[in-house]
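Participant: Assemble chain B onto chain A, guided by the hints.
Number of protein chains: 2
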Amino acid sequence: MKIWEQYVPELVTDLYELTMAECYLREGMSGEAAFSLFIRDYPAERSYFVAAGIEHLLEVLPDLRFGPEALDYLASLGKFSREFIDYLRDFRFTGTVRAIPEGRIFFANEPLVEVIAPIIEAQIVETLVLNVMQLETMLASKAARVCHAAGGRGLIDFGMRRAHGVDASVKAARASYLTGFLGTSNLLAGRIYGIPVFGTMAHSYVSSFTNESEAFDAFSRVFPGNTVLLIDTYDTIAGARKAIEMGRAMRNRGERLVAVRLDSGDLTALSKEVRQILDAEGFSEVQIMASGNLDEFKIEDLIREGAAIDLYAVGTRMVVSADAPYLDISYKLVEYEGKPVVKLSSGKKTWVGQKQIYRHYDADGKMDYDILCLMRASGSGGEPLLRTVVEGGCRTCSPEPLEKIRERFAEEWSRLPESLRAIRPRERYRVEICDSLQRLDLETVRQKRREAGI
Amino acid sequence: MKIWEQYVPELVTDLYELTMAECYLREGMSGEAAFSLFIRDYPAERSYFVAAGIEHLLEVLPDLRFGPEALDYLASLGKFSREFIDYLRDFRFTGTVRAIPEGRIFFANEPLVEVIAPIIEAQIVETLVLNVMQLETMLASKAARVCHAAGGRGLIDFGMRRAHGVDASVKAARASYLTGFLGTSNLLAGRIYGIPVFGTMAHSYVSSFTNESEAFDAFSRVFPGNTVLLIDTYDTIAGARKAIEMGRAMRNRGERLVAVRLDSGDLTALSKEVRQILDAEGFSEVQIMASGNLDEFKIEDLIREGAAIDLYAVGTRMVVSADAPYLDISYKLVEYEGKPVVKLSSGKKTWVGQKQIYRHYDADGKMDYDILCLMRASGSGGEPLLRTVVEGGCRTCSPEPLEKIRERFAEEWSRLPESLRAIRPRERYRVEICDSLQRLDLETVRQKRREAGI
Numbered sequence: 001m002k003i004w005e006q007y008v009p010e011l012v013t014d015l016y017e018l019t020m021a022e023c024y025l026r027e028g029m030s031g032e033a034a035f036s037l038f039i040r041d042y043p044a045e046r047s048y049f050v051a052a053g054i055e056h057l058l059e060v061l062p063d064l065r066f067g068p069e070a071l072d073y074l075a076s077l078g079k080f081s082r083e084f085i086d087y088l089r090d091f092r093f094t095g096t097v098r099a100i101p102e103g104r105i106f107f108a109n110e111p112l113v114e115v116i117a118p119i120i121e122a123q124i125v126e127t128l129v130l131n132v133m134q135l136e137t138m139l140a141s142k143a144a145r146v147c148h149a150a151g152g153r154g155l156i157d158f159g160m161r162r163a164h165g166v167d168a169s170v171k172a173a174r175a176s177y178l179t180g181f182l183g184t185s186n187l188l189a190g191r192i193y194g195i196p197v198f199g200t201m202a203h204s205y206v207s208s209f210t211n212e213s214e215a216f217d218a219f220s221r222v223f224p225g226n227t228v229l230l231i232d233t234y235d236t237i238a239g240a241r242k243a244i245e246m247g248r249a250m251r252n253r254g255e256r257l258v259a260v261r262l263d264s265g266d267l268t269a270l271s272k273e274v275r276q277i278l279d280a281e282g283f284s285e286v287q288i289m290a291s292g293n294l295d296e297f298k299i300e301d302l303i304r305e306g307a308a309i310d311l312y313a314v315g316t317r318m319v320v321s322a323d324a325p326y327l328d329i330s331y332k333l334v335e336y337e338g339k340p341v342v343k344l345s346s347g348k349k350t351w352v353g354q355k356q357i358y359r360h361y362d363a364d365g366k367m368d369y370d371i372l373c374l375m376r377a378s379g380s381g382g383e384p385l386l387r388t389v390v391e392g393g394c395r396t397c398s399p400e401p402l403e404k405i406r407e408r409f410a411e412e413w414s415r416l417p418e419s420l421r422a423i424r425p426r427e428r429y430r431v432e433i434c435d436s437l438q439r440l441d442l443e444t445v446r447q448k449r450r451e452a453g454i
Numbered sequence: 001m002k003i004w005e006q007y008v009p010e011l012v013t014d015l016y017e018l019t020m021a022e023c024y025l026r027e028g029m030s031g032e033a034a035f036s037l038f039i040r041d042y043p044a045e046r047s048y049f050v051a052a053g054i055e056h057l058l059e060v061l062p063d064l065r066f067g068p069e070a071l072d073y074l075a076s077l078g079k080f081s082r083e084f085i086d087y088l089r090d091f092r093f094t095g096t097v098r099a100i101p102e103g104r105i106f107f108a109n110e111p112l113v114e115v116i117a118p119i120i121e122a123q124i125v126e127t128l129v130l131n132v133m134q135l136e137t138m139l140a141s142k143a144a145r146v147c148h149a150a151g152g153r154g155l156i157d158f159g160m161r162r163a164h165g166v167d168a169s170v171k172a173a174r175a176s177y178l179t180g181f182l183g184t185s186n187l188l189a190g191r192i193y194g195i196p197v198f199g200t201m202a203h204s205y206v207s208s209f210t211n212e213s214e215a216f217d218a219f220s221r222v223f224p225g226n227t228v229l230l231i232d233t234y235d236t237i238a239g240a241r242k243a244i245e246m247g248r249a250m251r252n253r254g255e256r257l258v259a260v261r262l263d264s265g266d267l268t269a270l271s272k273e274v275r276q277i278l279d280a281e282g283f284s285e286v287q288i289m290a291s292g293n294l295d296e297f298k299i300e301d302l303i304r305e306g307a308a309i310d311l312y313a314v315g316t317r318m319v320v321s322a323d324a325p326y327l328d329i330s331y332k333l334v335e336y337e338g339k340p341v342v343k344l345s346s347g348k349k350t351w352v353g354q355k356q357i358y359r360h361y362d363a364d365g366k367m368d369y370d371i372l373c374l375m376r377a378s379g380s381g382g383e384p385l386l387r388t389v390v391e392g393g394c395r396t397c398s399p400e401p402l403e404k405i406r407e408r409f410a411e412e413w414s415r416l417p418e419s420l421r422a423i424r425p426r427e428r429y430r431v432e433i434c435d436s437l438q439r440l441d442l443e444t445v446r447q448k449r450r451e452a453g454i
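Chains as they are written, first to last, in the numbering used here: chain A, 1 to 454; chain B, 1 to 454.
Please keep in mind that the hints were generated in silico from the structure rather than gathered at the bench.
Among the hints, a few may not be true.
You can't tell identical chains apart in this list, so a pair holds if it fits in one copy or across any two.
[Said to hold, decoys possible] List time: in silico DSBU-like cross-link candidates among lysine-lysine, alpha-carbon distance up to 35 Å:
hint, residue 1, residue 2
1, Lys-448, Lys-298
2, Lys-348, Lys-298
3, Lys-404, Lys-339
4, Lys-404, Lys-79
5, Lys-448, Lys-366
6, Lys-298, Lys-79
7, Lys-404, Lys-272
8, Lys-79, Lys-366
Just chain A, with the same shape it has in the complex:
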């Protein structure tokens, strides 16, 4: 089940991609172009990015065609020539795509994706590439931070209701699972990706019964194997005592109360008190789950304060990446007809040419530094990160199971130095620019300045 079908994916594009494309066509500009997708800088408090989204791009890119609905619409705009509409009718992507595999960690200014194709094709897919890659990379990068803050405690994605649409909610569930969440409340994501789904009851459920005990009792009888009781609808401590009564009744029936959930108030103080009550009454196996405006900052605080919380449900602030709801991501032309390309617009540095990233590790196997090199330069040693995923317009790798990507991220995380994992990091990872790239870039800039007379 692809997530794109009804979207007329060929119209997931800005008008200017097509006006430029028509110019390229009319000018006979069929040369090969290389575009580089990269993030120029870190948002505040960020020190790494987690690659995600390429799988979705690969679902749509090789099959991208302009169907009759799209062609009729484009013709109706009265902007394009007949010749160009005919070109679009026969359009297919014939180029190469290289990308950092999903689940790997990368850094600012490193190409996440490079697209090498006739310029008209590479231009037409720009908006699609950006839209897909920025969202999922942003979400995975945020979720990784939440995982780190939780320090191994269980995490569940509860964000569907406040994600920016359905598309974003499903991708948030996938991105958070990829980085180590246990699962999600999002049934559509559960269906599409096979992610484990979690959830039990809301305040509305408790409120609709005459009293809390009746609500708890009904739930435990219907879902004896999966009883998590929300105890803060009226008074958290009184709710905890009712949950214990319920736990006793369940024990007598040979069942087990799994957890209680707190969703409001001072989570540190309440969780400690509830833990104490549960333990004193012989329910030390019952876990405490917390939810309500959580993110990595809040979770870090709760743990520092000694909150007795075993499971965190994280919603809104993660799925909208509230502190950094977009990345400074760009898709820039770096080479045309084999020649390096620059623009000189102020404050927006783009390194020229097709590139590869080489990663170097220290003696403990931790990431030490990366070197950004021209593809054509001889290797500098180190592990190359970008891999070819599309060649001649066809996918060259099979779809990766989400579980494999999840394992890759876990492995990758184990190699990320502690200083870069911090929720409020003070260090930046070292990304060196190899000599030949620096030289070529400088020459290209100089030449362009001369040509532009500046």
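Facilitator: For chain B alone, kept in the frame of chain A given last:
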């Protein structure tokens, strides 16, 4: 073309909606419930909300069914009874929906939507209602601020590439058009909603030619009626001079250069200088367009500094509502079986009962204050805002053309007091709670406290 089809809309839900639903079914709880959707508080710097999204909810809600794909998936989870799966197979929404029409302005704590239905139905649709309504209301509320900042200058949505997925990008285009944008670069939104589309060229286009003049020349020949030249690829002032040469050549051909675009640097200083050059060379009809990390704050600054910008292209920060990427929106049970319902969780006030908002205007026709009343109470005078849009599960109003909603917003905006329009507002709109609602709420809270023994 609905935006939902491939999404299996019945799975746009959190697991707990269905676990609660199974409990209601098994407990025989078929009483009527009323849920109220409202925004508890304003994000920083916000003083109003613009209602949007109900049209999309109405596209999906009356036809919501659990198809075989969803039922198979749910059965495969091993959590639900056969009886419940059978219930879902026959599910349809039979209730009533009341909503504030799209394009109207509303305020914190006012119900944007009320859903009245058998509790099981009203619960099952919770996540869907929240996801649809929060996104579009957030986007329209943000876009209205951008329109206000621009003070009548033209605005175009350029945000597709950094929106949170395709769904969000299309809704951002619609929401911004609704509040007065001229159009969007988003072709999918253009196709779906008939929104005018705009766009010409990127830096990659300019860079792919040997020099800027050639790039400009090629474009003007292919699109002589729609030539907007991006002049900052190398040097903005040099680019402006080349644009003027182009403008002369176009005049000689009986054509007209429409505008130049700036996308980097000091937009105030550059726009003034470019304006001066254009005017001095006899091109005062050529407009200046600006883009690049714009939002209402930045646009307000630019205008205050006297920037000579005629058209603003606004992207990322608007389409992700960067300063407030989510709303404090809730869907709360307020009545069950005709009785008011409360929860007492700390810091989360919800007014009981089905409600209506009555709006009062001052002598100049400006919004003066609203009164929040119980539906059943006799009217307090004023204009009721919530209208019935679904009854007995069927839509009671025809789909509204986007142009009509756009006109409604323009009319509504003219009635919003100046003090509330501000980008950094210092006042809050007055929303009074009518006596009978206050009394009922207090009684219900007291009774619930007594029952809960607190």
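Participant: If the cut is 35 Å between Cα atoms, do Lys-348 and Lys-298 qualify within a copy, between copies, both or neither?
Facilitator: Classified as both; 34 Å inside a copy, 19 Å across copies.
Participant: Is it within a copy, between copies, both, or neither that the alpha carbon of Lys-79 lies no farther than 35 Å from that of Lys-366?
Facilitator: neither (54 Å within a copy, 43 Å between copies)
Participant: Reference check for the pair Lys-404 and Lys-339, CA-CA at most 35 Å: within, between, both, or neither?
Facilitator: Neither. Shortest intra-copy (38 Å) and inter-copy (52 Å) distances fail the 35 Å Cα cut-off.
Participant: Please work out whether the CA atoms of Lys-298 and Lys-79 approach to 35 Å or closer within one copy, between two copies, in both situations, or in neither?
Facilitator: between (51 Å within a copy, 32 Å between copies)
Participant: Go through the copies and call it for Lys-404 and Lys-272: within, between, both or neither, with a Cα cutoff of 35 Å.
Facilitator: So Lys-404 and Lys-272 fail the 35 Å test inside a copy (37 Å) and across (55 Å) alike.
Participant: Between Lys-448 and Lys-366, at a C-alpha cutoff of 35 Å, which is it: within one copy, between copies, both, or neither?
Facilitator: This pair counts as neither: shortest intra-copy Cα distance 40 Å, inter-copy 57 Å.
Participant: When no copy is specified for Lys-448 and Lys-298, does a C-alpha distance of 35 Å or less occur within a copy, between copies, both, or neither?
Facilitator: between (49 Å within a copy, 31 Å between copies)
Participant: Within a copy, between copies, both or neither: where do Lys-404 and Lys-79 come within 35 Å Cα-Cα?
Facilitator: between (46 Å within a copy, 26 Å between copies)
In this structure, the hints that do not hold are numbers 3, 5, 7, 8, in rising order.
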